[in-house]
Amino acid sequence: MPPNPLIMASRCQREIPPELVDRIIDFLHDQPKALTACSLVARSWTVTSRYHQFSMVALITPRCWGKFNRLIETSPTMLRFVRSVIVDVADTYSPWMSVCASFPSLQHITMNGVVSPPWREEAAAISSVAHNITSFTINLTVVRAHYVWPIIRMFPNLVTLGYVGARCVVTVVPLQLSLPCHSPPISTMSITNTTLGGVSDALLNPPYPLTSLSTLDIRDVYPERRASLQALAQAYGGQISRLRLHLRGHRQQCTPLGGFKPLLSC
Amino acid sequence: MTVVDTPDYISHFTNLRHLTFANLFLIPRGRYKRVAEGESPFAWVNSAIAALRSPITHFTIEVLIRQPAQLDAVDWKALDVLLSTREVLRSLVRVSVVFLGRLEGGGWDPKSIAEPVAVRRLMPLTSMMGLLTVSTRGPKL
Numbered sequence: 001m002p003p004n005p006l007i008m009a010s011r012c013q014r015e016i017p018p019e020l021v022d023r024i025i026d027f028l029h030d031q032p033k034a035l036t037a038c039s040l041v042a043r044s045w046t047v048t049s050r051y052h053q054f055s056m057v058a059l060i061t062p063r064c065w066g067k068f069n070r071l072i073e074t075s076p077t078m079l080r081f082v083r084s085v086i087v088d089v090a091d092t093y094s095p096w097m098s099v100c101a102s103f104p105s106l107q108h109i110t111m112n113g114v115v116s117p118p119w120r121e122e123a124a125a126i127s128s129v130a131h132n133i134t135s136f137t138i139n140l141t142v143v144r145a146h147y148v149w150p151i152i153r154m155f156p157n158l159v160t161l162g163y164v165g166a167r168c169v170v171t172v173v174p175l176q177l178s179l180p181c182h183s184p185p186i187s188t189m190s191i192t193n194t195t196l197g198g199v200s201d202a203l204l205n206p207p208y209p210l211t212s213l214s215t216l217d218i219r220d221v222y223p224e225r226r227a228s229l230q231a232l233a234q235a236y237g238g239q240i241s242r243l244r245l246h247l248r249g250h251r252q253q254c255t256p257l258g259g260f261k262p263l264l265s266c
Numbered sequence: 001m002t003v004v005d006t007p008d009y010i011s012h013f014t015n016l017r018h019l020t021f022a023n024l025f026l027i028p029r030g031r032y033k034r035v036a037e038g039e040s041p042f043a044w045v046n047s048a049i050a051a052l053r054s055p056i057t058h059f060t061i062e063v064l065i066r067q068p069a070q071l072d073a074v075d076w077k078a079l080d081v082l083l084s085t086r087e088v089l090r091s092l093v094r095v096s097v098v099f100l101g102r103l104e105g106g107g108w109d110p111k112s113i114a115e116p117v118a119v120r121r122l123m124p125l126t127s128m129m130g131l132l133t134v135s136t137r138g139p140k141l
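Protein chains in written order, with our numbering: chain A, 1 to 266; chain B, 1 to 141.
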């Protein structure tokens with residue numbers, strides 16, 4: 001009688017050490033289709049596959065939101081795998097903080113769109129995960145300067161701050177926000193400018209001294225931003241030990257820090 | 001058209017140890033022309049290093065190569081001269097050359113094409129012996 005292939009597969013799978021399975025799946029970390037296939041192989045493979053598959057989600061269009069909502073209805077456990085999220089804040093009243101708060105393992109936030117002052121309820125909601133956030137990127141954003149630092153200072157353990165192609169709009173209305181106010185130990189700052197405008201003085205002149213800042217990543221340095229970069233260099237030049245310079249003018253696609261692509265996007 | 005310029009703000013970084021030049025276009029060609037005819041493609045790197053005020057221990061250049069043929073056009077000798085003559089680079093413990101492959105005309109694999117060429121070209125440069133690492137980053141085919 002020929003052996004049952006299902007029984008053989010099950011036996012073979014039991015004989016593979018789980019750490020070896022993890023190692024194999026780790027190699028597929030940036031291949032969504034392969035990860036989907038792996039997650040269906042066996043229950044023991046599902047967690048490791050999903051760990052990579054849902055490591056980053058991009059919620060940047062209504063279609064994305066719809067797809068995401070359907071997904072968490074059928075599989076709410078995937079929320080714990082999300083470590084990085086890209087949110088589009090095109091709508092002034094977008095509840096992005098509440099959404100971020102639903103990811104218990106969230107570490108990186110990339111924000112697109114218009115930065116608006118957070119609602120107090122939202123600020124309270126995100127406080128449950130705020131201490132996990134280590135990286136925050138403002139991407140292709142119209143920034144109202146005085147909104148930026150109050151949001152950044154909500155994350156007490158933030159170490160990496162990215163500023164990609166943002167344009168600063170300074171309004172004259174003073175802002176009074178009742179938000180948690182920390183002095184996060186930012187050690188890495190990445191400044192990438194596209195053709196949108198100058199580097200914001202609000203970001204280059206933070207409300208508290210960035211004594212931990214040691215790494216600077218400067219991309220696409222255009223002459224009109226020289227004054228701002230000169231000011232940054234004068235302020236922090238003595239403590240920067242790692243500098244990464246990109247030759248100016250290379251029109252590359254703006255991506256979050258590290259240039260990684262989301263695995264779950266529309 | 002010359003767009004090579006000196007990042008004068010670099011002189012303010014007095015505590016610098018790790019320096020990376022990213023996305024270098026070393027080949028003056030087409031719309032991505034970055035250096036004038038007859039000018040060393042390392043001129044920008046050279047001017048930046050000249051402005052340095054602190055000894056560098058880790059030096060990385062990331063070279064953007066669009067076609068395998070561009071590897072032969074890179075002025076590797078200029079890089080060797082650059083590394084061996086500058087005072088601020090005397091304390092180097094590591095030099096990294098990273099190739100950033102980009103798909104053009106059907107694509108190519110920088111791992112299998114660029115690395116062997118770069119190692120063959122760079123290894124004879126004695127000033128970098130023992131310090132040099134060559135690696136590639138690029139799209140998967």
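Just so you know, these hints were derived from the structure itself, not from any lab. We put the CB at the ideal spot given by N, CA and C, even for glycine. Please note that the accuracy of each hint is not assured.
Unchecked claim - Here are the simulated SDA-like pairs of lysine to any residue, each with C-alpha atoms no more than 25 Å apart in a straight line:
1. B:Lys77 - B:Leu132
2. B:Lys77 - B:Glu87
3. B:Lys77 - B:Val93
4. B:Lys77 - A:His246
5. B:Lys77 - A:Lys33
6. A:Lys33 - A:Val89
Unchecked claim - Sample of chain A residues lacking proximity to chain B, with all beta carbon distances greater than 10 Å (derived):
7. Lys33
8. Cys64
9. Thr74
10. Arg219
Unchecked claim - Short derived list, chain B residues pointing at chain A, Cβ under 10 Å:
11. Asp8
12. Leu16
13. Arg17
14. Ala22
15. Asn46
16. Ala48
17. Glu62
18. Ser91
19. Leu92
20. Ser96
21. Thr133
22. Ser135
### Hints that the structure is at odds with (numbers, increasing)
Numbers 5, 6, 10, 15, 18, 19, 20, 21, 22, in rising order.
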